[in-house]
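Following the hints, complete the assembly by docking chain B onto the known chain A.
Number of protein chains: 2
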Amino acid sequence: MKKIANIHTDFPEKFGIPRQSGVVAELKGKIVFEPEFRNPDMIRGLEDFSHLWIIWQFSENLDTDGNAKWSPTVRPPRLGGNTRIGVFATRSPFRPNPIGLSVVTIDRIETDTPEGPVIHVKGADMVDNTPIYDIKPYIPYADSIPDAKGGFTDSMEYKTLKVEWECESNIPENTYDSLNKLLSNDPRPHYQNDPDRIYGMAYAGYNVKFKVIDDEVIVVEIKKQERS
Amino acid sequence: MKKIANIHTDFPEKFGIPRQSGVVAELKGKIVFEPEFRNPDMIRGLEDFSHLWIIWQFSENLDTDGNAKWSPTVRPPRLGGNTRIGVFATRSPFRPNPIGLSVVTIDRIETDTPEGPVIHVKGADMVDNTPIYDIKPYIPYADSIPDAKGGFTDSMEYKTLKVEWECESNIPENTYDSLNKLLSNDPRPHYQNDPDRIYGMAYAGYNVKFKVIDDEVIVVEIKKQERS
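Taken in order, these protein sequences are the chains called A and B. Per my numbering, residue 1 is the first one in the first sequence, and the count goes up by one each step. Per my numbering, residue 229 is the first one in the second sequence, and the count goes up by one each step.
Calculated from the structure, these hints are not laboratory results. Please note: incorrect hints may appear among the correct ones.
[Claimed, not checked] What follows is a list of derived Cβ distance ranges for each label pair:
(1) B:E264 <-> A:T64: 17 to 23 Å
(2) B:D356 <-> A:E47: 33 to 39 Å
(3) A:D112 <-> B:Y404: 50 to 56 Å
(4) B:P300 <-> A:D107: 20 to 26 Å
(5) B:P342 <-> A:I109: 46 to 52 Å
Computed from a prediction, not measured in an experiment: that's the story for all the values here. For each residue, glycine too, the CB sits at the ideal point set by N, CA and C.
Just chain A, with the same shape it has in the complex:
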């Protein structure tokens, strides 16, 4: 299994990434192929599809030998973090083979850049520079099952939070909008409920600090990241 591409996103770290692709539709990603696959012929016809499957590596969840960290059961955040579910009954990143599956929107395709063909996507739920094993077009007649039963993912209302800014929000408007959506989706581990705790999150070149009181996210600080 070899890496065919990387995806570049606005998340330098895992914290804050939505739990599934598409939850925050605005999130931008850019797929850049490895030199061996920089051939526009290989994506010919992709422009006629609206969505793309990405099969990728949970590269953040490997041990120092490159093996997946996992356990037979996990506690999904959607169930409050208290109920144990089998790893194969969840989309947990901690699984025997560290393979992620995400569907994204195809925003725009450039066939000829200095990095070869580049696919711009939206809705990606991956950390910056995630390795990709395969991309496949989304085929609605086979892949879309609107009346499928979603198990525990059906069982809970998906409650979003209000977002208040206590600090200046002098950042570009689209960054502000997507950051608000990310925060309203409650990036905390769900078993945490400590109104005094300050969480830090890195997004789109900014470090954001916030706390959560009841159903409200309060942004207390935002700072441009130092260039590394």
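Same frame as chain A, now just chain B:
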């Protein structure tokens, strides 16, 4: 990347397998885990989902060194076999990493068999004994996009054929029914149109011979396979 399970199906060979999962909904499959993963805890909660993603190996398309056979463009059968499309704009089994992605219906789960927990599924499009890398529950809120644009898979009417039997059809009724569905979906490579040609297909313990004249499949012989 390690094998976590195999799927057992009624297809000892590739020929005749539908081009996508779910096309022939009746097709039975049985997922049997590797000894290391025979733990019912690992699938706890899966019974509340109706559908399952299977991430599997295109084990039929490897060279003698175990590497994937592929080329930058492929000629999808749906386009008559004449138009070249980029490999990443298709679900072709001939791709840089030989990974298949299929959604199946969960029919029934046995948690305690001599082979450990077993998942019975329907709609599988895999050859018997295909190695599986991962299974994940289908989550409709993220995975189902009914209005997605399906590129070239949208562009052609999906024409089914009539099936006539010229020989005895003294086989079990459910085998007869699913075989008729398989044949009506036209298992030929689409660029072939030779009314004299006899095709052979192995399914559910039978060898089936048929020809195709215009929009009609004619079954000319069916025989029980010799046990090997």
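To see whether the hints hold, each was checked on the structure:
1. B:E264 <-> A:T64: 17 to 23 Å: Since E264 of chain B and T64 of chain A have Cβ atoms about 22 Å apart, the given range 17 to 23 Å holds.
2. B:D356 <-> A:E47: 33 to 39 Å: With a Cβ separation near 37 Å, D356 of chain B and E47 of chain A satisfy 33 to 39 Å, so the hint holds.
3. A:D112 <-> B:Y404: 50 to 56 Å: 54 Å, holds
4. B:P300 <-> A:D107: 20 to 26 Å: 23 Å, holds
5. B:P342 <-> A:I109: 46 to 52 Å: 51 Å, holds
Checked against the numbered hints above, the structure violates none of them.
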